[in-house]
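Student: Once you've looked at the hints, dock chain B against the given chain A.
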Amino acid sequence: MPSYQLKDKCLFVDAFVYDEPNKEPKKKTKPDKPPTTGKIELAHVMDKNPTPAKYLMLNDAAAFIARFIVMGVDTKDIPEILKSEYGSQVTNPVADVNAVVAMLFPSYLETPRTSPRPYQAPKDEGKGTHSGIYDLDFRVNWFVTGGFKGPL
Amino acid sequence: MKIVAFEPTNQCNRSCRHCFRNKADPIGFLPLETVDAVLSQAGALGFKAVCLTGGEVALYPHLGDLLRLIASRGFDFTLVTNGYRFPEYVLPLLLEPKVKERVASVGFSLDGARAETHDGLRGPKSFREVFEGMTLCRNHRLPLFLKSVVTTLNRGELTELALLGARLGAVEHGFLYPFPTPTFIRDGLLPSPQEMQDTVRWIQDNLMGVTRNKITVEGRFMDGVMLNCGHLVDHLNVDYQGNLIFCCTLSHMTVGDGIPTSFGGELVADLKEVSLKEAIVRQFRKATEVMEARLNGGGNPVGLSETPCHWCLKYFGKLDWLKDFPDSPWTAWLIDETSCKSNHL
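Protein chains in written order, with our numbering: chain A, 1 to 152; chain B, 1 to 345.
These are calculated hints, taken from the structure and not from any lab test.
Certain hints may be false.
[Claimed, not checked] Mimicking DSS-like on lysine-lysine, the simulated pairs with C-alpha atoms at most 27 angstroms apart in a straight line are:
#	chain 1	residue 1	chain 2	residue 2
1	B	277	B	125
2	B	286	B	2
3	A	7	A	30
4	B	100	B	214
5	B	98	A	83
6	A	30	B	125
7	A	48	A	123
8	A	30	A	48
9	B	2	B	125
10	B	48	B	125
11	A	76	B	48
12	B	48	B	323
13	A	76	A	9
14	B	147	A	83
15	B	100	B	23
16	B	323	B	2
17	B	277	A	76
18	A	76	B	2
[Claimed, not checked] Negatives, chain B to chain A, calculated, CB over 12 angstroms:
#	residue
19	95
20	282
21	295
22	327
All figures in this text were calculated on a predicted structure; none of them were measured in a lab.
Quick reminder that beta carbons are idealized off the backbone N, C-alpha and C, glycines included.
In isolation and in its complexed conformation, chain A is listed as follows (with noise of 0.2 angstroms):
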């Protein structure tokens, strides 16, 4: 199963306010009518792509799922993810994974990628002749900031 991504200009905000870590999380609280402009209280995730920008109200476990998966963990660990935190009510773990995947893809995630290079068909680049000698590369990075010195 595939890791996802947030595509460009989508973000995801959780509903919880961890100002003070001493203390339990609060939970915000839902709007009485979704609002247009200024803060959404409750976890979404937005696409700002578009003029006026998108955004998808989530409840509690959805915002949960989607946390992991725009975090990149692999679909298919969430479930047990999703078992620890809420124990036996979870009766359907990976049905309510893909659930929420539904939701957000393909609209805010990219399509996943099982290797991050693109597959090109199989093809020779090029016969020649060469001495078989190479050239010591003695040039050095200088491009770090902060002097650190390392062979190209």
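Tutor: Here is chain B on its own, set in the frame of chain A:
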């Protein structure tokens, strides 16, 4: 020696069923001034790194100041956590630029590949906290390592556990040889010595070299009867009261239900009163005594010599409570006078 290990606190938010921390001890916190004094001397003696253990480091009230102090003194550091308050409290501290450049690695305790197994040992929501912490570390490119205590609950899923650790990006995954505690035995979670021996061989044959990360077994595999313990060579362990303790395992270890710690030979020096240089001399004298005892009477070539931590626990009198568990195979193995001569201080 190159690492100073500090226990910032003995307080923990969890009551793990296999933990050997003495829960009868009052809660305490290591004064920052003591850390500063130790580090100022340690730097001059060539120590390079700090390891923060516990208790749970996230419960230390001055964690930010502690990390900044370590970084400002020029030490790299490692910390071990159970993931408590990691996203909102510990991670932001680790990501402070001057602190981040000194983070050598962040260690998590993961005892099961499934939530049921891990949380069955550590309590509800622990699996989620560890997973979240590890994922965030990976995303922020903080090096990770894992510790897993082998128990009867997770013996059947060690392969899954090792693969999960590798997938989460742990550069090293240590499987810990368990130490007997009353709760561990009472709950039936402690594999027998023979089962542990089989498990360790199984890990060696089936896990080591299979994953991309490094798999280790801690607390076992010492050649012969010589005390060549890696911790003694590399580490100094300072407890939450500012004492130099001979070894982290011996520090405030449970000695039976409800019995608070009373120090024996494991207490090397009170670093609030003794210089680090003098404390190190005492540490090596103690190591010489222990090695002499091991050579002269303590070695059982087929048993305890392979598990030096158990040998030391017995030597320092930390296993007397096992007599209350006559049916446990550990009692026969560790306490039976015919199999291993006692060497209490």
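Student: Okay, which hints does this one fail, numbers in order?
Tutor: Of the numbered hints, 1, 5, 7, 9, 10, 11, 12, 15, 16, 17 and 18 do not hold.
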